[in-house]
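J.: Sequence:
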Amino acid sequence: NRREICRLLWQEWSPTWKFDDATFDRTAPSFDNPDFVPVVIHSYRHRHRNAPGDPRFDEVERRLAARPPITVPTAVLVGAEDTVDPVRRSEGHLALFPKGTERQIVAGAGHFMPREQPGAVADALLALLRRRAAPS
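Residue numbers (the numbering used here): 4 to 139.
Check the hints yourself; a few may be wrong.
The calculated label-pair distances, taken between Cβ atoms and stated as ranges, are [claimed, not checked]:
{"hint": "1", "residue 1": "48", "residue 2": "134", "range": "47 to 55 angstroms"}
{"hint": "2", "residue 1": "133", "residue 2": "60", "range": "21 to 29 angstroms"}
{"hint": "3", "residue 1": "138", "residue 2": "15", "range": "42 to 50 angstroms"}
{"hint": "4", "residue 1": "6", "residue 2": "133", "range": "35 to 43 angstroms"}
{"hint": "5", "residue 1": "56", "residue 2": "138", "range": "17 to 25 angstroms"}
{"hint": "6", "residue 1": "86", "residue 2": "48", "range": "31 to 39 angstroms"}
{"hint": "7", "residue 1": "60", "residue 2": "96", "range": "37 to 45 angstroms"}
{"hint": "8", "residue 1": "97", "residue 2": "41", "range": "33 to 41 angstroms"}
{"hint": "9", "residue 1": "38", "residue 2": "130", "range": "23 to 31 angstroms"}
{"hint": "10", "residue 1": "42", "residue 2": "133", "range": "31 to 39 angstroms"}
{"hint": "11", "residue 1": "98", "residue 2": "130", "range": "19 to 27 angstroms"}
Since the hints were derived computationally from the structure, they do not count as laboratory data. Every residue, glycine too, gets a C-beta built ideally from N, C-alpha and C.
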């Protein structure tokens, strides 16, 4: 039952998020897409190098593997309760952002930060836009 598996994953990936049935039910129809299971399984297999990627993207993947600097304005938000990508995984990533990007650890957020803490996400994006608009 893909819906129940996804509900369990939501609970595990964002343990402090107390979503209600209505919130889950608005998203659940997307799990019924016939491509959902094959895409998800391939994504995890590819992520852990157990399945080949699409050869059309080999060159892009090769360039990204070199970890080039990210020079566009960026807001780095990390959910303090994210069990998929824990805070410790983001340590050291700021070196990839030469323009002084700051990492913000968002309390009360797990893996679904825009749903769990939309105000924090909006505030970070507005701050980023203000910095970009400010005269240098």
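J.: Against each hint, give a clear statement of whether it holds in the structure.
T.: We went through each hint and held it up to the structure:
Distance hint check for residue 48 and residue 134: the Cβ-Cβ separation is about 39 angstroms, which falls outside the suggested range of 47 to 55 angstroms. A beta carbon spacing of about 35 angstroms between residue 133 and residue 60 contradicts the range 21 to 29 angstroms that was offered as a hint. For residue 138 and residue 15, the Cβ-Cβ distance of about 46 angstroms falls inside the hinted range of 42 to 50 angstroms, so the restraint holds. Between residue 6 and residue 133 the Cβ separation comes to about 40 angstroms, which falls inside the hinted range of 35 to 43 angstroms.
Between residue 56 and residue 138 the beta carbons are some 43 angstroms apart, a value that contradicts the proposed interval 17 to 25 angstroms. About 21 angstroms separates the C-beta atoms of residue 86 and residue 48, a value inconsistent with the hinted range of 31 to 39 angstroms. Hint check: residue 60 to residue 96, Cβ distance near 22 angstroms, so the stated range 37 to 45 angstroms is violated. In this structure the supplied range 33 to 41 angstroms holds for residue 97 paired with residue 41, their Cβ-Cβ distance being about 36 angstroms.
Roughly 37 angstroms separates the CB atoms of residue 38 and residue 130, a value that falls outside the hinted 23 to 31 angstroms. Residue 42 and residue 133 have their C-beta atoms about 37 angstroms apart, which keeps the hinted 31 to 39 angstroms range intact. Separated by about 21 angstroms at the C-beta atoms, residue 98 and residue 130 satisfy the suggested range of 19 to 27 angstroms.
Taken one by one, the earlier hints fail for this structure at numbers 1, 2, 5, 6, 7 and 9, listed in ascending order.
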